[in-house]
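Here is what each chain is made of, one letter per residue.
There are 2 protein chains.
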Amino acid sequence: MRIILDAMGTDHAPRSEVAGALEALKELDSDVEIVLVGDRDTIEAEFLQHDEIPDRLSIHHAPDRVTPEESPSKVIRRNPESSLVVGLKLHRDGTGHAFVSAGSTGAVMATSLFTLRALPGVDRPSLATTLPSAGAPVLLLDAGANVDCKPHHLVQFAHLGNIYAQDMMGRSDPRIALLNIGEEPGKGDELTSGTYRLLRRETGLNFVGNVEGRDIIKDVCDVVVCDGFVGNVLLKFYESVAEFIIGLVEAERVGKADDGLDLDHAFRVLDYAETGGAPLLGVGGVSVICHGESPPKAIRNALALAAKAVRSDMVRHSAQEVALALGPSSREAS
Amino acid sequence: MRIILDAMGTDHAPRSEVAGALEALKELDSDVEIVLVGDRDTIEAEFLQHDEIPDRLSIHHAPDRVTPEESPSKVIRRNPESSLVVGLKLHRDGTGHAFVSAGSTGAVMATSLFTLRALPGVDRPSLATTLPSAGAPVLLLDAGANVDCKPHHLVQFAHLGNIYAQDMMGRSDPRIALLNIGEEPGKGDELTSGTYRLLRRETGLNFVGNVEGRDIIKDVCDVVVCDGFVGNVLLKFYESVAEFIIGLVEAERVGKADDGLDLDHAFRVLDYAETGGAPLLGVGGVSVICHGESPPKAIRNALALAAKAVRSDMVRHSAQEVALALGPSSREAS
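Order-wise, the sequence lines are chains A and B. Take 41 as the starting number for the first sequence in the working numbering and just add one per residue. Take 41 as the starting number for the second sequence in the working numbering and just add one per residue.
A hint or two may mislead.
One copy or any two copies: either way a pair holds, since identical chains are not told apart in the list.
What the hints assert, rightly or not - With a straight-line Cα cutoff of 25 Å, these simulated SDA-like cross-link-like pairs (lysine to any residue) come out:
| id | residue 1 | residue 2 |
| --- | --- | --- |
| 1 | K296 | P120 |
| 2 | K114 | T315 |
| 3 | K114 | D133 |
| 4 | K337 | T243 |
| 5 | K296 | E86 |
| 6 | K66 | P160 |
| 7 | K114 | A359 |
| 8 | K276 | G175 |
| 9 | K66 | R254 |
| 10 | K258 | N246 |
| 11 | K258 | R293 |
| 12 | K227 | E279 |
| 13 | K258 | S280 |
| 14 | K114 | H100 |
| 15 | K66 | F87 |
| 16 | K276 | P112 |
| 17 | K258 | I286 |
In case anyone wonders, no lab produced these hints; they're calculated from the structure.
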């Protein structure tokens, strides 16, 4: 298996990418190779910081780099020689089996969509993210790829999340919930009340109904479906609330004797680097998107996520399920 | 000053209401009276739990009580003898200067709107709430009164929040931000990109632009404006994330020697009872809505909030500002 890693994505690229790839190779099965895509000289210079570079880590030269200022939708035409576009094409052409990038989320999403194409039956691929929770992590989608959604888009997210939760998170018969402002069926805005009506009669989904903001992380569901605006706000808010509360605890400890608390252990579950990256679901390939500030650990975990997606044949499984649930013949019903 | 308190709002009414009113009377100025509205026998029975009932606490009998099952919009017609409807009418008729209730949020909002009416220029009164933050608390509105908003509704929320932040939170020239999924002007969904265009040219507001989920509680603004769906989800999510993280810390402490940490102190800022209640802004009166599970402390603080709103003449100030900013003559422009 060969994973394509955009070497020029993080803020301090390619430092995190090279270190993360080396860490990943130590842990992943020996048939996994990683191809770093980016400026060869820059990557080779970074190699010098490490004692040994295994054969399983190679470089594919791409002279250009996408900057955050680029309009996401124009990258594919304006930056054909960028590590992002070159890397995604290596995946599309079959040279690599998955793609990982910590470049600008908008650019990676748009270019993934242009390059890998949406699966038949999927109008809008969706960015999925996992939230730390009282139980096992909860899958939230859409996390920002799609705003101004219609009910049938949220139904598609539900199917994509359903497959991801099974193949990647080990959940059998995942509980799918709709994020809403009340639990009762009629609650919500136009989007959610309309989505509820569709999800209720959707077959092949274990739809458990509405879930409110207060219940998302209370282990009442495995997958939470929402519009990308709400999902994106929530995801970012979660990080900042966690940071804020950790700060409150830290402030209380200042100047006190060693209290023996291992808060790093307590808060490990909140560390986004543990998850590594967010997959773009519903495209014809594996595309995992990382934070721009990803440390090596996050890159390593994103590579592991990508490897797992390839190993579980997630894309083919998604294509089958989606064709069944959302394909042309099923469309008549909705 | 006379504050009307719905005695039958909390889950264990009138226990919290009576205890909270007694606490409030100890702290508020001696010209403040509180009128408990509800079943006289039930309230008098609760009085027996307390040593002394001051003259400033009285009862106004209302035999009926609104249950959570009632459709909010029908309460005014179906439950005319309820503590909620009777209490709000006492406020409207001038017998009381403010109204506080821990009844079902939807019912209190709808009945407040029917009874007190929206201020001229306000299409949709808005529920405001304060979020604990790294700096002073941030006012978030709408927190759930309005879903499916249009840009001009969010502009109205901005004006209502602007006045509240000045009169009630002591902020001069409050920084008004729009909750969005990116900081740049063009970002967002139809609602937020349209709202941004209106707010940018709105006079009389210190509009500081878009704010992302991660920045809400980072002291970059005093007021955050959003659709009631997003606001409601966020508000409830905040509470559960705080609870979850506190739980992580507590779990780490289990079985350890006394570590001398005063986490109650650290987390006091997160206690919703400290805030007490959420005001409904943009109606022709003071209506403060509390959690159904409010402890006496929350009721006490909601009564203090109501007293402060009366003292600062918030409603008249709001009416003036709103007429200026949103009245018929200003409407032409938007």
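Within, between, both or neither: K258, I286 at alpha-carbon 25 Å
both (20 Å within a copy, 14 Å between copies)
Check K66 against F87 for me: Cα-Cα at most 25 Å, and say if that holds within a copy, between copies, both or neither.
For K66 and F87, the Cα distance is within 25 Å only inside one copy (16 Å; across copies 71 Å).
Is it within, between, both, or neither for K114 and A359, if the alpha carbons may be no more than 25 Å apart?
neither (27 Å within a copy, 48 Å between copies)
Evaluate K114 and H100 at a C-alpha cut-off of 25 Å and name the case that applies: within, between, both or neither.
within (23 Å within a copy, 68 Å between copies)
Regarding K296 and P120, is the shortest C-alpha distance of 25 Å or less found within a copy, between copies, in both, or in neither?
neither (56 Å within a copy, 58 Å between copies)
Quick one: K276 to G175, C-alpha cut-off 25 Å, is that within a copy, between copies, both, or neither?
Close inside one copy (20 Å) and across copies (18 Å); limit 25 Å.
Is the C-alpha distance from K66 to P160 at most 25 Å within one copy, between copies, in both cases, or in neither?
neither (37 Å within a copy, 68 Å between copies)
When no copy is specified for K296 and E86, does a C-alpha distance of 25 Å or less occur within a copy, between copies, both, or neither?
neither (42 Å within a copy, 45 Å between copies)
Copy assignment of K258 with N246, given that the CA separation must stay at most 25 Å:
Within. Shortest intra-copy distance 18 Å satisfies the 25 Å Cα cut-off; inter-copy 38 Å does not.
Copy assignment of K276 with P112, given that the CA separation must stay at most 25 Å
within (20 Å within a copy, 33 Å between copies)
Is it within, between, both, or neither for K227 and E279, if the alpha carbons may be no more than 25 Å apart?
between (28 Å within a copy, 21 Å between copies)
At most 25 Å between C-alpha atoms: does K258 with R293 qualify within a copy, between copies, both, or neither?
This pair counts as between: shortest inter-copy Cα distance 21 Å, intra-copy 28 Å.
Comparing the model with each earlier hint shows violations of hints 1, 2, 4, 5, 6, 7 and 9; every other hint is respected.
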